[in-house]
Structures are given as structure tokens and as C-alpha cells.
Amino acid sequence: MNLFRTALFLAKKDLYSELKTKQILTTQIIFAGLVIVVFSFAFDPANNTTRAVIPGVIWVIIVFAGILGLNRSFISEQRNDTMQGLLVAPMEAASIYLGKFLANFTMMLVVEIVSIPFLFLLFDFKFFGSLPYFLLVVFLGSFGFIAIGTFLAALAANSKSSEMLLPLLLFPITTPILIGVVQATKIILMNMEKISSAIAWIQLVTAYDLIFFVVCFLLIDYVLEV
Amino acid sequence: MMIEIKKLTKQADNKLILRGVDLSIKKGETVAILGPNGAGKSTLLKVLASLIKPTSGQVLMNGLELRKNQILIKKLLGYLPHSSLLYDHYSPLENLVFFGNIYGVKAVEQKARTLVKDVGLSFFLNEPVKNFSRGMIQRIAIARAIIHDPEILLLDEPHTGLDQRAIAILNNVILSMKEKGTTTLMVTHDFKQAAEICDRIIIVKNGKIVDDFRIQNDNLSFVTEKYELQVEGVS
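Top line first, the protein sequences correspond to chains H and L.
Everything in the first sequence is counted per the numbering used here, starting at 1 for the first residue and increasing by one.
Everything in the second sequence is counted per the numbering used here, starting at 1 for the first residue and increasing by one.
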């Protein structure tokens with residue numbers, strides 16, 4: 001119980017910090033807005049083929065806005081060595097991981113809640129697919145991406161060029177998740193007849209999420225040593 | 001014994017930083033660790049704070065083995081390193097409440113307010129720490145280290161950069177904690193403060209304890225003499 005209690009305190013601290021400084025979330029939302037505006041100029045919303053771009057744009061926003069947040073997640077703990085403050089406190093390393101994951105995931109969800117409706121609006125997209133399936137895919141994809149990303153951000157934080165290292169480590173490992181969720185999103189938004197195929201992708205992503213979340217949870221102890 | 005260290009070594013990048021440290025500290029003792037730069041003083045403190053893992057040897061705290069009982073031991077420890085370990089954009093109250101919550105302190109807000117008052121900064125209770133001077137930050141850092149009433153205090157050069165008032169506050173904190181039975185281990189270069197508040201001095205050189213003696217009556221010249229004899233080879 002202590003593990004979850006301290007993780008919640010840490011997540012609350014990070015979110016409250018964000019509320020005060022507005023550094024990460026603002027950057028993420030501005031980035032998402034820019035992507036949507038640029039794509040809406042590049043592709044004519046009146047053209048039917050434009051619909052095919054939307055699943056890709058959704059995941060471009062999640063991936064790149066996510067990296068902006070992940071990069072700062074552990075680097076912010078280097079100022080005044082606050083990470084040492086967490087490591088000397090009676091909390092497991094897994095608790096630090098869980099707290100950071102919860103904060104990053106919450107911020108990612110906020111970005112999605114703001115940006116996805118804005119994307120649909122600017123692309124004049126009429127949603128005929130299954131909303132619960134769509135929300136499930138977005139949730140699972142974001143969960144896996146942030147779970148792995150939080151772990152790798154902790155790993156990369158000790159490097160001098162962590163901002164370059166994180167994407168280099170993150171993209172190969174999260175590629176199966178990204179392929180799965182882009183495919184599933186495409187089917188759910190455009191071709192509901194093939195829903196069984198989307199479900200197969202969802203199952204793959206769920207299994208991948210669970211395996212990597214548990215692995216990251218167990219290995220974080222070795223990553224967070226000073 | 002509150003702290004018992006046996007044959008402790010720490011190797012980093014093929015360099016032996018600690019070379020077989022043996023040390024026993026009783027409950028309630030205030031011990032200063034003196035030594036030249038690079039002697040391994042801060043590394044010893046970091047091993048005790050379980051921030052770095054030792055290469056070999058055994059560390060017992062309050063009878064508990066460090067490697068096997070990390071969470072229990074961390075509850076006993078108050079650690080104050082060179083850095084403040086404070087969040088810049090948080091106020092003293094917010095910082096103390098956050099760390100107090102992590103340590104499971106009851107009535108944490110009231111405790112935090114009392115501590116901020118004790119270190120003489122109650123007027124700045126809700127100001128962000130980033131606007132504070134070095135001395136003010138150190139005072140809040142001291143409050144952070146003792147928010148959970150630790151049984152063992154590990155202080156790494158706590159007097160550095162402090163004005164006279166802050167030094168007096170810090171010394172009062174250490175002495176009042178001592179009255180409550182807290183064991184204090186303090187790495188310092190400030191012989192005057194060490195002689196004033198400590199009852200035992202340990203001199204570390206090249207990763208080994210080269211002298212270990214008790215002092216009485218703030219005998220600064222005795223400490224200086226011993227240090228010069230061991231470290232600088234002057235008799």
C-alpha cells in the first residue's frame with residue numbers, strides 16, 4: 001500500500017508543479033495545435049482521402065507531444081538534486097516510477113482531450129466509428145508509450161545528451177505499439193467492417209503494454225541508482 | 001550501537017574510494033568526520049544514506065542490515081547533502097508537506113509550520129524557494145531533513161555558506177536533536193563548529209579512518225593539532 005500511497009504523492013507533486021509552472025503541458029498543447037494547423041493546411045478537408053491521414057496525425061501528436069513531457073520528467077528532478085531527496089526517502093524505486101508514470105500519463109490524456117476534438121473540428125471529420133473502441137485504442141497506445149517512455153527517460157536522464165538519447169531508445173522499443181494502434185485507429189475510424197482485425201491489434205498492444213509495464217516496474221531499481 | 005560499519009569498501013572506476021572502514025557509533029553520539037578533499041567522507045555518508053551501494057563490507061543501523069532493510073532504515077535517516085533537495089517553485093510549506101507526506105508524518109502541515117518557524121522563516125512560509133538566499137535555503141533544507149524526527153542525522157558540510165544566525169540555528173537544531181537521542185554524523189571542514197557541537201571526531205584520509213578520538217570543552221586547538229598531525233604530517 002505504501003508503494004501506491006507514495007506514488008500518488010509524487011504524481012500529485014508533479015501535477016501541482018505543472019499547474020504552477022505550466023511548462024510541459026503548455027509546450028505539448030502548442031505543439032499539438034501547430035501539427036493540427038499545419039496538416040489542415042496541407043490536406044484539403046473537403047477531399048475524402050484526407051480522412052486517411054487522421055489516424056496518423058493523432059499518433060504523431062501523441063508521440064511527439066509525449067516525448068516533450070517525458071524528456072523533462074526526470075531532468076526536472078536534477079535541479080537541487082531532488083532525485084536524491086526521493087531516493088533517501090522510505091519509498092521503493094518502483095514507487096518513483098509509478099508516480100512519474102501517473103503524472104506523465106495524466107498530462108498526456110489532457111493533451112489528447114484538448115487536441116483530438118480540435119483535430120476532428122479542423123478536418124471537418126464526421127465520427128461514424130465506434131467511440132468506445134477509439135477511446136480504448138488511444139488509452140492503450142498512450143499507456144504503453146508513456147510506460148516505456150517513463151522508464152527510458154529515467155535511464156536517459158543521467159546522460160549528457162538525454163534529449164537526443166530518449167527518442168533514439170524509445171522509437172525502436174515502442175514501434176510494435178505504434179504500428180498496432182495506428183492500424184487499429186485506422187480501422188475504427190474508417191472501416192468498421194474489419195473490427196475483428198482491429199480487436200486483434202488491440203490484443204497485441206494490450207499484451208505488449210502489460211509485459212513492458214511489469215518489466216519497467218521491476219527493472220527501475222537498477223536505473224535509479226545515483 | 002546505532003551505526004556499525006565493518007570492513008566497508010567502495011570502488012568506482014577502478015579507484016578505491018573507501019578502503020575497509022570500520023566504525024561504531026553509539027546512540028545519541030554527535031560525530032564529526034574530518035579529512036582532506038577526496039578522502040571519501042561524502043562517499044561514506046552516501047553509502048550510509050543508501051544512495052550508493054558499497055562494493056563490500058557490512059553496514060548495520062539500529063541493528064538492521066542496510067542492504068536487506070532499506071525502507072526501514074531510510075525511515076530512521078535524515079540526510080542533508082550539499083544540495084538543498086528542495087523544489088524551487090514550491091514554497092517552504094509545500095516542500096516540507098510533500099516530504100513529510102512521503103515519510104508518513106502525521107499532522108504534517110502543522111509540523112511543517114512549526115519547523116519553518118523554528119528556522120526563523122515563518123514570514124516566508126508561502127514564498128517560492130527560488131527567491132531565497134543560500135542561507136535561507138539551507139535553513140529550509142535543515143527543516144526538510146528533520147521533518148520526520150529522524151533517529152540518525154547525516155549532514156554533509158552543513159555549515160558551508162551560512163551566516164552566523166543560520167549557523168546558530170543549525171547548531172541549536174543538532175543539539176536539540178541530540179537531547180532527544182538522535183545520533184548525528186557530520187562531514188565538515190569547519191573545525192570550530194565540529195569542536196563546538198561534536199563529542200567525537202573521526203579523521204578520514206585516503207578512504208581509511210586514521211584517527212578517532214573524543215573531545216571535551218570545545219577544544220579547537222586539540223582538534224587542529226590532531227588533524228595536522230594525521231593529514232599534513234605536522235607534529
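It is worth saying that the hints were derived from the structure and are not from the lab.
Keep in mind that the hints are not guaranteed to be accurate.
Once the Cα atoms are required to be at most 16 Å apart in a straight line, the calculated EDC-like pairs of lysine to aspartate or glutamate come out as [to be verified]:
(1) Lys20(H) - Asp88(L)
(2) Lys130(L) - Asp81(H)
(3) Lys20(H) - Glu127(L)
(4) Lys226(L) - Asp199(L)
Okay, the calculated bits of chain H under chain L, using three or more residues with CB under 8 Å as the criterion [what the hints assert, rightly or not]:
(5) 68 to 82
(6) 86 to 95
All figures in this text were calculated on a predicted structure; none of them were measured in a lab.
In this text, a Cβ means the ideal position worked out from N, Cα and C, and glycines have one as well.
Broken hints, numbered, in rising order?
-> none
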